[in-house]
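Participant: Work out the full structure, taking the sequences as your base and the hints as a guide.
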Amino acid sequence: MSATDIGLDLQHVSKDLGGRTIVDDLQLDVRTGELTCLLGPSGCGKTTTLRMIGGFLVPDRGRVLISGQDVTTLSPDKRPTAMVFQNYALWPHMTVFKNVAFGLRLRKLPKAEVKERVEGVLDLVGLTHHVHSYPARISGGEQQRVALARALVLEPKVLLLDEPLSNLDAKLRVRVREDIREIQQRIGITTVFVTHDQDEALSISDRIAVMSGGKVEQYADARSLYREPATTFVAGFVGTMNTYEATVVPGGVALAGDLVVPCGDLSATGDGVWEVGVRPEDVRVSLDDAGAAADVLREVPRGHYKELVLRAGPHELRAFVGSDLPPADRVSISFARALLYRDGVLHRSATPVPAHS
Amino acid sequence: MVLPPVAVIAVFIGFPVVAAIAYTLGRAGGPNSVVASLGQRQFIVQKGVTFDAYRDILSNPTIHRDLWATVWVTIVVTLVVVAVSWAIALYLRLTDSWLARTISALSVVPLFIPVVIASYAILVFYASDGFIKTVAYHLGFHGFPTLGYTLTCVTLGEIWVNIPFGVLMMSSGLNGVPNNLIEAARDSGATMPRVVRSILLPMNVIPTVIVATFTAIYVLGSFTVPYLTGPTAPNLLGPSMANFFNSFNQPQQAEVLAIVVFVLALGIGAVYVWANVRTGRRSGLQS
Amino acid sequence: MGKRAHGQTLGVAVMSAIESEGVVLGGLPEAQLPAAPLRPRRAVVRGAAHRIAGVVFIVCLLVFMIGPIAWLALRAFSGLWQYPQLYPKDWTLSGWRQVFNDPNLRHSMRLSFEFAPIVTAASTVICLPAAYAFSRYRFPGRRFLLISLFATNAFPKIGLYISMAGVFYSLNLMGTFLGVVIVQLIGTVVFMTWIPAAAFSAIPRSLEEAARDVGAGPLRVFFRVTFPLAAPAILVAMILSFLASFDEAQGTFLVGVPNYITMPTEMYTLVLNYPEQVAAVFSILLAIPSVVLMAFARKHVMGGRLAEGFQLR
Ligand SMILES: Nc1ncnc2c1ncn2[C@@H]1O[C@H](COP(=O)(O)OP(=O)(O)OP(=O)(O)O)[C@@H](O)[C@H]1O
Ligand SMILES: [Mg+2]
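Chains as they are written, first to last, in our numbering: chain A, 1 to 357; chain B, 1 to 287; chain C, 1 to 313.
Hint data in this document are derived by calculation from the structure and do not stem from the laboratory. All C-beta atoms, glycine included, are put in the ideal place defined by N, C-alpha and C. Hints are supplied without guarantee of correctness; some may be wrong.
Restricting the straight-line Cα-Cα distance to at most 20 Å, the calculated cross-link-like pairs of lysine to any residue (SDA-like) are [as the list claims (entries may be wrong)]:
1) A:LYS108 <-> B:SER198
2) A:LYS78 <-> B:SER198
3) A:LYS98 <-> B:VAL205
4) A:LYS111 <-> B:SER198
5) A:LYS78 <-> B:PRO193
6) A:LYS98 <-> B:LEU201
7) A:LYS98 <-> B:PRO178
8) C:LYS89 <-> B:MET203
9) A:LYS108 <-> B:PRO193
10) C:LYS89 <-> B:THR134
11) A:LYS215 <-> A:THR72
12) A:LYS78 <-> B:SER128
13) A:LYS98 <-> B:SER128
14) A:LYS78 <-> C:ARG46
15) A:LYS98 <-> B:SER198
16) A:LYS98 <-> B:ASN180
17) A:LYS78 <-> B:ASN179
Simulated DEER-style distance windows between Cβ atoms [stated by the list, open to error]:
18) B:ASP96 <-> A:SER166: 26 to 36 Å
19) C:GLY47 <-> A:PRO41: 35 to 45 Å
20) C:GLN98 <-> B:ALA100: 39 to 49 Å
21) C:PHE296 <-> A:HIS12: 49 to 59 Å
22) C:GLY47 <-> A:GLY213: 29 to 39 Å
23) A:THR240 <-> C:GLY47: 48 to 58 Å
24) A:GLY18 <-> B:LEU3: 49 to 59 Å
25) A:HIS132 <-> C:GLY47: 33 to 43 Å
26) B:ASN60 <-> C:SER170: 29 to 39 Å
Some chain A residues close to chain B (C-beta under 7 Å, calculated; not the full set) [unchecked claim]:
27) PHE56
28) LEU74
29) PRO76
30) ALA89
31) TRP91
32) HIS93
33) PHE102
34) GLY103
35) LEU106
Facilitator: Okay, structure coming up:
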């Protein structure tokens, strides 16, 4: 990967606010044309990071590079970034057209060209019918598109979006996020998208940076993030994960209370107590007694599958099974795949280790 | 529920205003009878109306000079108050430091000082043996003009009295502009001056209009500041009204001047009402 | 979009446009967002120039705003003080003695402190219900009344008092306590209605409805929910009312003479007939309640309570 392939590079960036370190030695690189999500719980420093990229905050330590050029101390008006704000920040005294045209006017472009480009970008976001409306007169979803158009019209190198969908209803969120993704891919713009909604992150990004306490816990594509969460924090934050303290025994894992559960693949192997994580869909449930015995506490229909809440010995666990599994009070469980963590960090052998070796 | 204050206003302001208008038009009956029975140089008719009182006073050259003085002082004070309060409010909006807090504290002080005292203090401050002259003397300007008892002093006094309202109004307006609207403009490439011109200025029109109209109306009708700090003549119309009433015993002429000021003030007030109605119509503005 | 190339050349044009635009804000130091990035050296030099301009501006402001009051306060304690000395030759409290030993002045002080609270209370009782009605009910003529209220503010006070004298004569209010209260009250009605009305409007209806919902009657809702929420604004209005009444001179003079001469009315005589030092002392005394109230209410006044009241809605 050559340097120019990296559209945005955050190098050891830190920011202290109100006496606390909010962003702590953060490393992040976004390839040109890539969409990266910053995902994390409230207060973990996502907005702060984004504002440092946009130039609204200056990092206390570290550098921000855009296309290899150091922009760490440039003010927002001088950097090639454009931000879509959470509540859109449309100027209420300007029409949609004027909102979008504002940045171009500042650049003293000829009138005709301003018009052409504004109309072009409004067409891109599908808003040609509201050109001369005031922001207060159009719907939330449309305001969102205006904000996007206003950012895109400047043809920035990096597009920044801070929870751009949080003011929309559930249905609209799904539609607009797909639109954003589609437009982003069409014009191939480097994008950083902040959200605390994992669904959103998993469905539109090329890569996701999961943040916690001002640090990046894991930076990977949606699949590996889900399949192999690098830390127990990521494991718990993205999707559901059953976690137990356990030791590795031949053929499976031994949980507290002498409960031995047969297991297919293990991420690593070794002596001592591990923290073991199992995705609900990796819990195999059958009506024979091939595995460990478990009581069914609850059955939650989820449409094409169902979720079982089970109790095995002192442990509770969740399993996703096909809707065709007949109801039962007592079942037998085994794990198809388990992840082994020590000190909160995933241990992984180069190849998955079959437990029955 | 609206009745009590409306009744108070109607009986003690509305009715007298109507009576005053009738009086200036030559009708001396009803509530005007007491005043009319004592006044001199009145133009009274039994039926219909007469504009003789207006003719009398508006042909008076002293009044001409007073009228011009009033208009000029009003314009200057309004412009300065709007400009200074904009500058202060803008500074307060964009910075948060002990300096900004000090300025904001300083600028509201006059709100809490009775006007009589303020006028007196200002007179003494700019008087022939006041602070300004003293400091100018020590700086080597021995011939520095005395500002006490001049229209300049009146202007300075009126500015002093009106600054707090201006700053409070403008600050409140500017604080109503969310930060992210400013940031969005910065992001689009606007420098701070440009943000002020394109975002803050247009979004703060109403407070500006309010400050301008209230200041202008206040100055037009003011009495205390010009009376205590101004020259004998030409001075603002407020003191001349009092003069006509107290010194010349010509209540009708005093009322004519009051009506003249009232008409001017209403003209300015119309701008205020129009600006409010206009935004009222555009209301539903987003946050 | 296919216009990327254009976007790049654009960048250069923008930079130079921004450079040439400069940063001047009415002589103030360059306004900054809380965390403005570092600027190149040229801008730093320019920033220093602005900083100096800023300091000059602030010193001027300080002298202009506080100077007269401070100078007057100095006078209240000064003995012999000849121009062009920067400070008095000797200090004395004789002005204070003179004020406190003068029965007229003492009486006027007492009167002022009697009228102001009474007027404030009366104004509150009369205007608060109206403020509530203006904010909560869209009755016919509402806007007309609001505007008329404003118009009454535009009629010059002197003219009004002259004409009002006629009404007062016929109602036998001349020279009476009630007459003075009314004349002072009139100056307070406008903001005693406007400022609380804006505060009531700012309280979401749902808060009142929720209280109704759990079984509170309308009066209880007003006193337990609406009133406490609007209290800061009402307080501001009351303080302004107090000061307006405390400050009122011409109307009081016209109606109250010769029985009721309050401090500000006395002040006019003082300025003309007494030694400068006595007037200065009297001014300081007259300013005390205001300063006390200011310390007390500054936060709310600054918080925009006052400003909100002036938007017609
Ligand atoms: N100016 C500031 N001064 C002090 N602390 C601040 C400041 N700005 C942010 N913080 C703190 O920094 C932390 C991170 O804030 P940030 O807005 O980056 O979180 P976030 O990840 O965007 O959260 P959310 O999902 O709730 O938007 C928060 O605890 C916040 O209180
Ligand atoms: Mg955030």
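Participant: For every hint, state whether the structure bears it out.
Facilitator: Going down the list of hints, with the structure as the test:
Distance hint between LYS108 (chain A) and SER198 (chain B) is fulfilled; the C-alpha atoms sit about 14 Å from each other, no more than 20 Å. A distance of roughly 18 Å separates the Cα atoms of LYS78 (chain A) and SER198 (chain B); the hinted pair therefore holds under the 20 Å criterion. For the hint pairing LYS98 (chain A) with VAL205 (chain B), the CA-to-CA distance comes to about 18 Å; that is within 20 Å, so the pair holds. Restraint check for LYS111 (chain A) and SER198 (chain B): the C-alpha separation of about 18 Å stays at or below 20 Å, so the hint holds.
Note on LYS78 (chain A) and PRO193 (chain B): the hinted pairing holds, with a Cα-Cα distance of about 15 Å set against a maximum of 20 Å. Pair hint LYS98 (chain A) plus LEU201 (chain B) holds up; C-alpha atoms about 16 Å apart against a cutoff of 20 Å. Distance check on the hinted pair: LYS98 (chain A) and PRO178 (chain B) sit about 19 Å apart at the alpha-carbon level, within 20 Å; holds. For the hint pairing LYS89 (chain C) with MET203 (chain B), the CA-to-CA distance comes to about 54 Å; that exceeds 20 Å, so the pair is violated.
A C-alpha spacing of about 16 Å is found between LYS108 (chain A) and PRO193 (chain B), which places the hinted pair at or below 20 Å, so the restraint holds. Our distance criterion of 20 Å between C-alpha atoms is met by LYS89 (chain C) and THR134 (chain B), whose separation comes to about 15 Å. Of the supplied pair hints, the one linking LYS215 (chain A) and THR72 (chain A) holds, its CA atoms being roughly 19 Å apart against a limit of 20 Å. About 54 Å separates the Cα atoms of LYS78 (chain A) and SER128 (chain B), which puts this hinted pair outside 20 Å; it is violated.
Proposed proximity of LYS98 (chain A) and SER128 (chain B) is contradicted: the alpha carbons are some 56 Å apart, above 20 Å. The straight-line distance between the Cα atoms of LYS78 (chain A) and ARG46 (chain C) is roughly 18 Å, inside the 20 Å bound, and the hint therefore holds. Restraint check for LYS98 (chain A) and SER198 (chain B): the C-alpha separation of about 11 Å stays at or below 20 Å, so the hint holds. At roughly 17 Å between alpha-carbon atoms, LYS98 (chain A) and ASN180 (chain B) fall within 20 Å of each other, so this suggested pair holds.
A distance of roughly 19 Å separates the Cα atoms of LYS78 (chain A) and ASN179 (chain B); the hinted pair therefore holds under the 20 Å criterion. The beta-carbon spacing between ASP96 (chain B) and SER166 (chain A), approximately 27 Å, falls within the hinted interval of 26 to 36 Å. In this structure, GLY47 (chain C) and PRO41 (chain A) meet the distance hint of 35 to 45 Å, their C-beta atoms being roughly 40 Å apart. Checked against the given bound of 39 to 49 Å, the beta carbons of GLN98 (chain C) and ALA100 (chain B), roughly 42 Å apart, stay inside it.
Taken as a hint, the range 49 to 59 Å holds for the pair PHE296 (chain C) and HIS12 (chain A), whose Cβ atoms sit roughly 51 Å apart. A beta carbon spacing of about 36 Å between GLY47 (chain C) and GLY213 (chain A) agrees with the range 29 to 39 Å that was offered as a hint. At roughly 54 Å, the beta-carbon separation of THR240 (chain A) and GLY47 (chain C) lies within the given 48 to 58 Å, and the hint holds. At about 53 Å, the CB distance of GLY18 (chain A) to LEU3 (chain B) agrees with the hint of 49 to 59 Å.
With their beta carbons about 41 Å apart, HIS132 (chain A) and GLY47 (chain C) fall inside the hinted range of 33 to 43 Å. Checked against the hint of 29 to 39 Å, the C-beta distance between ASN60 (chain B) and SER170 (chain C) comes to roughly 31 Å, which is consistent with it. Interface hint at PHE56 (chain A): satisfied, since its Cβ lies 6 Å from the closest Cβ of chain B, which is below the 7 Å cut-off. Interface restraint check for LEU74 (chain A): the shortest CB-CB distance to chain B comes to about 11 Å, outside 7 Å, so the restraint is violated.
For PRO76 (chain A), the shortest C-beta to C-beta distance to chain B is roughly 4 Å, which falls under 7 Å, so the interface hint holds. Because the closest C-beta pair between ALA89 (chain A) and chain B is about 4 Å apart, less than 7 Å, the hint holds. This hint holds: TRP91 (chain A) has a C-beta 6 Å from the nearest C-beta of chain B, less than the 7 Å allowed. The restraint placing HIS93 (chain A) at the interface with chain B holds, with a minimum CB-CB distance near 5 Å, inside the 7 Å limit.
Residue-level restraint check for PHE102 (chain A) holds (minimum Cβ-Cβ distance to chain B is 5 Å; threshold 7 Å). Contact between GLY103 (chain A) and chain B, as hinted, is supported at the beta carbon level, the nearest pair being about 3 Å apart and thus within 7 Å. Interface hint status for LEU106 (chain A): upheld, as the beta-carbon distance to the closest one in chain B is roughly 5 Å, under 7 Å.
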